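Chains H and U, in that order, give the protein sequences.
Numbers -14 to 170, taken from our numbering, label the letters of the first sequence in order.
Numbers 9 to 571, taken from our numbering, label the letters of the second sequence in order.
Calculated from the structure, these hints are not laboratory results.
Remember, predicted model here, so these are calculated numbers, not experimental data.
Among these hints, one or two may not hold up.
Computed beta-carbon distance windows for the label pairs [stated by the list, open to error]: (1) H/Asp52 with U/Asp442: 39 to 47 Å; (2) H/Asn49 with U/Ala520: 28 to 36 Å; (3) H/Arg3 with U/Val538: 46 to 54 Å; (4) U/Thr13 with H/Asp52: 49 to 57 Å; (5) U/Arg556 with H/Ser47: 34 to 42 Å; (6) U/Gly285 with H/Gly45: 29 to 37 Å; (7) H/Gly13 with U/Arg331: 28 to 36 Å; (8) U/Glu17 with H/Asn49: 53 to 61 Å; (9) H/Arg5 with U/Asp412: 58 to 66 Å; (10) U/Pro558 with H/Lys107: 32 to 40 Å; (11) U/Ala447 with H/Glu93: 39 to 47 Å.
Quick look at which bits of chain U chain H covers, simulated, 3 or more residues with Cβ under 8 Å [unchecked claim]: (12) 300 to 310; (13) 316 to 329; (14) 357 to 364; (15) 380 to 387; (16) 453 to 460.
Note that CB positions come from ideal geometry on N, CA and C, so glycine has one too.
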Amino acid sequence: MSESQPPRRAVPAGLEERVRQLLAPFRGDRTMTVDALKVIQQAYGYVPPESLRVAAEELGVSENTLDGILHFYEFLFPRPVGERVIRVCSGTVCQALGVPVILRRIRERLGLRWYETTPDGKYTLMPLPCYNTCAYAPILQIDTLTFVRVTPEQVDEILDGRLEGVEGLPCGDGKPTPPREEVEL
Amino acid sequence: MTLETLVAEARGRWERKTNPDRPRIIISAGSCGIFAGARKVKAAVVDALKRLHVDASVEKTGCVGLCWAEPMLDIQLPGRPRVAYGPLTPAGAAQLIEDVVGRGNPRVDKALYVYADAPYEGIPPRDQTDWFKLQYRVTQRNAGIIDPEDLDDYLANGGYEGLARALTMTPAEVVEAVKKAGLRGCGGAAFPTGLKWEFCLRARGTEKYVICNADEGNAGTWKDRLIMEGDPFQLIEGITIAAYANGASRGFIYIRDEYPLASSRVRTAAEKLRARGLLGDNILGSNFSFDLVIRDGAGSYLCGEEMGLISSIEGDRAMPRSRPPFPATNGLFYKPTVVNNVETLANVPQIIARGWEWYAGLGTERSKGVRTITVSGAVRRPGGFELPFGVPLRTVILDLAQADPTDLKAVQMGGPASNILPADFVLTLPLGLDELRDAGTTMGSGGFVVVGRQSCIPNLVLQLMEFLRDESCGKCFPCQMGTRAYYNTLLRICRGEGRPEDLDFMLDIAPAIQFGSLCGHGQVAHVPVVDTITHFRAEYDVHIRERRCPQGICEISPVAAAV
């Protein structure tokens, strides 16, 4: 799978101190690797490769272990993602109810395939591991906005911001989580 | 505090809550409901109440399983029964409040059912409606009725009777009861739960763990979500009983990251239980102590595999270890561990409270008890139903989920790597573990995906295989290479570049993947391919020989189309 390279970003300043500070609650707890990387991602929007050495020291695991974990889990991003992350459900029901055509429409419009970022760094396309709200398939999500029962014709409306989505229920994609009272009903 | 005092207080509060002196509006707030617009409905309801100058309590509940009817809400007026309405738009909800609360018009046109024994204003009682009359709700019995974040609601509805009774029994007696009840794992493999517990109970070592597998990754299955969002206390009670029966003092619940609402509700429930001494040290005054750690996943299908899940909790990639040794002897941190699915554990409190005889009397002779199944795809009324085993699948798919009998092609049961069978055949089968196994299939996790005539089977299998390939952890090569080989071959076929020998190739490599793979992921990855080649060969043939997609879904490459 080809993954386009978004514009290079400099190593964030003060990374080491910040990561040590963020990971203080997990110090020496090697079972909390995934949670630790999620915390880093919350702060930077992705997990900077430079942070792994520090994180590995803090947790007491090898840098390779963390690198493996980072590339294993769907919601951990090893490189910067676009300003907006488009997620399309990859579950069976959504697939059966029209996701292939929706993906084709997204590709025609933005030139994106899975895991790719537009050259201007605006959009990244990722699969959404099924929310299991299959009664509302197909599901498309942009950042924290969710659109249900999406038709291929609606893709343009969604991308242009002309269709109203449902706020909340974001999964761990590194974007700042809305306050709990907004997520909770 | 003893359970009796807790329950007496809770019952008092529940009585006052369900016999209110002001209107109650209860909004159905599961993930489905929120996606369907429950928040806007709630805002509209609050606005309408303000306009009417009515003092009412606006509450929330979990999903009752009628996903097609979301956004739903229940209204109870003082001295009247509780009536459910749906589906609603925000404007419709505001109008409904004005009519029902403001004018006392019961709005029979929008009503679904009433919580009462007899019809009310012509609205049928819940248990006499088409969707509920066949159901026997055990794990879902409180879902959609109680507030999932209010412990009193749960205690007033039979909560913690099971644990209180379990604490009067020895662990071996609890295991024996679960064994005699005939409870089998609801995650897919249907292994007898009591037997699993017995292995762990007998395993040596003082440090043992209970893990609740809430990584419900199978697309089309949301029974566990219904339990966690609708009645999380029951699940935690079940985990606690499992811990008591197995001699564990610490448990984990691993919730997938795609279930933020379920995770939040389970966390809230655990906090409330701790505050009342129902989780923590010396539960209910006994010398049994147990605490629960809640862990969130990060998006990996393999975390649903028990060994993968254990690796993930240990802080590693979710890579399965080889079995044996089984988790019952060498599980989490290589200590004896019981890993059970959410629904399995949620059945336990009622089995202990009401006795194994009751549970064993449900279902059929060979498949005992009840099972929640979810139906989605090409159906008009997708939803979740808790049914006793033995109900014909024809009833489930055509009557409960209201699939269009003329628009049925195939049904997939239980996850992306499960059987895809012609709908005509599935409609002849009953719901049952052994009954389906006899017919050469399995109900897996109980997620029924109905595939309509407009779907292209090779393309559907291609998408499934892309998912299975991406989620293969890569530890053992038959799975890693096999799913890749399948994906590449299917991609070629779907582009119109298939070769005549492709189908035989895919059938030929199936045993290598099935028998060579380390865990369940690879062992069943061939199933959708083999099934569809067996039952839908004609569709593959059109793609390969005529280089076209009859449904117009596949993108035939220009090169292939020109030939």
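Are any of the numbered hints broken by this structure? If so, which, sorted upward? 5 and 14
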